[in-house]
Amino acid sequence: MKNSSSEYEAIIGLEIHAQLLTQSKLFCSCGTNFGEPPNSQVCPICLGHPGVLPVLNEKAVELAIRVALAASTTIRKESIFARKNYFYPDLPKSYQISQYEKPLAENGILEAEVDGEARTIGLKRIHLEEDAGKSFHPEKDEDEQFTFVDLNRCGVPLIEIVTEPDIRSPKEAHSYLLSLKQLLEFLEVCDGNMEKGSLRCDANVSVRLKGEREMGTKSEIKNINSFKGVEKGLSFEIERQIELLKRGERVKQETLLWDPVKEVCLPMRSKEEAHDYRYFPEPDLLPLVISGEMVEEIRKGLPELPNERRKRFIRQYGLPQHDAWLLTSVRSLADYYEAVVSECGDAKTASNWIMTEVLRIVSEKAGDISSCPISSHSLSELILLLKDGTISGKIAKTVFEEMAKTGKGPRSIVEEKGFVQVTDEEQIREFILCVLKENQEIVTEYLGGKSKSFTFLVGQTMKLSKGMANPELVNRILREELSKP
Amino acid sequence: MNEDIHYLPAHSIRELLKSRNIGAEDVVGASARRIGKFDCRVRAYLSAITEQAISAARAIDRGSVSASDGLLSGVPVAVKNNICTKGIETNCASRILEGYIPPYDSTAVQRLKAAGAILIGKTNLDEFGMGSSTENSAFFPTRNPWNLDKVPGGSSGGSAAAVSAGMATVALGSDTGGSVRQPAGFTNLFGLKPTYGAVSRYGLVAFASSLDQIGIFSRDIEDCATVFNLISGYDPMDSTSSTLTRPVSMEEIKKGLDGVKFGIPESFLEEGVNEEVSSCFEKAVSALESLGARAERIELPNLKYSVASYYLVANAEASSNLARYDGIRYGKRAAHYSDISDMYDKTRTEGFGREVKRRIMLGTYALSSGYYDEYYLRAQKVRTLIKADFEAAFKKVNAVLMPTSPTPPFGFGEKLVDPLSMYLSDIFTLAVNLSGIPSISFPSGFSAEGLPVGTQAIGPSFSEELIFRIAYNFSEKCGFHNKRPELEKQFK
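Quick mapping for you: the protein sequence lines, in order, are chains A and B.
Be aware that the first sequence starts at 1, since it is given in the working numbering, and climbs by one per residue.
Be aware that the second sequence starts at 1, since it is given in the working numbering, and climbs by one per residue.
If you are wondering where the hints come from, they were derived from the structure by calculation, not from laboratory data.
This structure is a prediction, so every number in the text was calculated from the model and none was measured.
Treat the hints with caution; some may be incorrect.
Claimed, not checked - Quick partial rundown of chain B residues pointing at chain A, CB under 7 angstroms, derived from the structure:
hint	residue
1	Y104
2	S210
3	D238
4	S242
5	R324
Unchecked claim - Derived SDA-like pairs: lysine to any residue, alpha-carbon spacing no greater than 25 angstroms straight-line:
hint	chain 1	residue 1	chain 2	residue 2
6	A	K397	A	G409
7	B	K483	B	D4
8	A	K218	A	P44
9	A	K77	B	D4
10	B	K332	A	P44
11	A	K218	A	E254
12	B	K357	A	P281
13	B	K113	A	V55
14	B	K113	A	P44
15	B	K346	A	S135
16	A	K466	A	G418
In this text, a Cβ means the ideal position worked out from N, Cα and C, and glycines have one as well.
Taking the hints into account, I'd like the entire structure generated from these sequences.
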């Protein structure tokens, strides 16, 4: 935001839809795989045929409770499914089964890191609901008059997580969404893939003069499907609202769509014409009753959560804050790190390698740690080879690149290529004597007081040894030789 | 006796089949012949599949299907056209579902077929079950076999007429506010509305989900009990189906009525009951007392709000249940339209009948924001009070007795002009659906015109055995159920 931000502040709340990692849909046994041919994962139930009834998927309930527990919410003993009625071509029953007045869980918190600091944001509610289908319009001219409907997504289980309006900047919204994604992945509840739509975000935003107590009129940005979109969309909208207020105009309550190509928010429909959803309790489902035992059972099965794990990394491995945040950002990455440390025993070296080299090659491949060609075992072996002096740091980098390229273990690469570090003092002394003989002028300069020349001589020795001489030995022996009369 | 095969009860058919005195083809053929002869006027069936039924019967006779040992082996069964049957059109007597062929069988039909029952046709109804006379069918009205100028009742009038006229042995209907009991009363049959949750609703096209229940038409109690035992019981496909249902036993049902106490809500009955109905009811009470049962006056003070509460709850749910008929995936779509909302408009304008539209409008209004608390929510609160009335009554008496309908069968068009008078014809049946409890209507006499009059026995949840017992003992003594309509005479 520009300088106008000093007078105004933004009030942001997020509604996040996360697809639960179940085998089957929320109310029938159809599969939930992404990318299957259109309408190949459907049955009379998810198609809303006359006479069919929904039967609740217990696994979805369990996954939702995992999130509810991790976010310290209060879980209702009895939550109620409701019908949200509206007409849309890709909504077969013309209503969506969701939770309304009595959601699964309420009043929780979530921690996020903003500029290296932990911030707590309130969670209003978490509820279960089914997804709708997808309509698309082909670009070919002759098909222009048609709308195609794919109902594979229909009935896919979602949780909706609604925050309190506690977020104050687009950057904070971004961080919050990232933390939530991490949490969902840690819990193995959602794969967090925004491109595939398994994580979607709507944002409510209003602005007001700083110090004012009353909220401004809000607008809602729908269906943001990238982290960039959250930040850019909110920035755009906040700036727009501030401009309006500055000109003395009023903000209209409306629903906007973020256009990621043009990078603008466009109005979808004005809230005045919005649907009256006519919610009422779903008569085809009994109230969802959750017993204390069930909650305890699920609690016992919870993994260590990102926050706990982060704190433990700092405590147990003596890592700096920054390392701990980064390494716990994704569960599989944290697992990878711990596997490396347990084998090589050097927490900080492991962290350095992972944060720089490993994440670099992973991001080059645009994948995650699971696509990394270097196993945790190979990396810890490399660190051990380095520690016991078999190879130098420089060679280690070369070996690492080879490992990334071929997927081979470090030992076999070192042996194959003869990368073993030269620690034989006599051998090193021979290299040095050779270098001294060839660079008599430099030696004279050095002896004359030009200390920089020493580095040059070390470099020449390393070059002669093809980088395999142990640099510490080179330093020591070179000094010895130079101090000889 | 061959002349009367079409009126044989299922248990007799089973015995005759076992002793090989007749074949399933004879049984199904007898019903099929009745359909051929009389259904051109009665019009009980929207679609009779007699040829298919006869070949299914032949398969049983050849012993080529395992169903030959089933309790309903070779028994021709009619099914209301709002209960899904795989591969056979199920249109709810609505233009909007014309041509819809379900890809699955409802659980009840599945269970009947597994017992050897033969589906002989899909019967007419008030569109989507909305009405009390079967005049609201989008295709044609059904006539009462007892007097072709009278309605057979509704909304399951087709099923009632089919069984009453000997065009099926038993039939399935659905009862949302009396839609099985009232037509059973109008056609001299037994009509059961089971406890909510006793019979799976899977495959019953929803009208008002919290009130709908598949019900049974039969000419005697034993058939009703057999069908009930077959179709009831927990169904994993219906979350609201109960695990508490137990089969009823004929042995228990045949026990006398000694010690049975039933209550009569006299002050509720004072409101506009026809004299002939009233007199039949009084005689029925005396007959039951003579069998050892004891009658007691009781108060059900909130039952007078049944009609108001019912029409809010039922229509609210209906407005949501019927929203899926939008012309997108199946059924009718308007031929010409300009855009998507125009398509919705025209499809629904052309596809739904007057009564259905009226109820969708009322239900949508009752649920809309700003009116929800005043209408839907308040109706639900009244519903709770009505339920509590029954619960209190069942602490004092075993069952409640009421006429099934305030009048004998009425003439065509008589109530069509005034929807409210039509709604009031269900005044004695609605409270049972609102409370989720079971009730059976049994034949209990005739008007001066010779039209059937029914009485209903209402019991607490899962007391089907008890209410069967009341209906059975009464019928054994009085025998009204043995009388048949004189169709041949009317056809001269």
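Here is how each hint holds up against the structure:
1. Y104: holds (5 angstroms)
2. S210: holds (4 angstroms)
3. D238: holds (5 angstroms)
4. S242: violated (10 angstroms)
5. R324: With Cβ-Cβ at 5 angstroms, under 7 angstroms, it holds.
6. K397(A) <-> G409(A): holds (14 angstroms)
7. K483(B) <-> D4(B): holds (13 angstroms)
8. K218(A) <-> P44(A): violated (40 angstroms)
9. K77(A) <-> D4(B): violated (59 angstroms)
10. K332(B) <-> P44(A): Holds: K332(B) and P44(A) sit about 18 angstroms apart, inside 25 angstroms.
11. K218(A) <-> E254(A): Roughly 8 angstroms separates the two Cα atoms, so the pair holds.
12. K357(B) <-> P281(A): holds (22 angstroms)
13. K113(B) <-> V55(A): The given pair, whose Cα atoms are some 24 angstroms apart, holds under the 25 angstroms limit.
14. K113(B) <-> P44(A): holds (21 angstroms)
15. K346(B) <-> S135(A): holds (21 angstroms)
16. K466(A) <-> G418(A): holds (11 angstroms)
The structure does not agree with the numbered hints 4, 8 and 9 stated previously, though it agrees with the rest.
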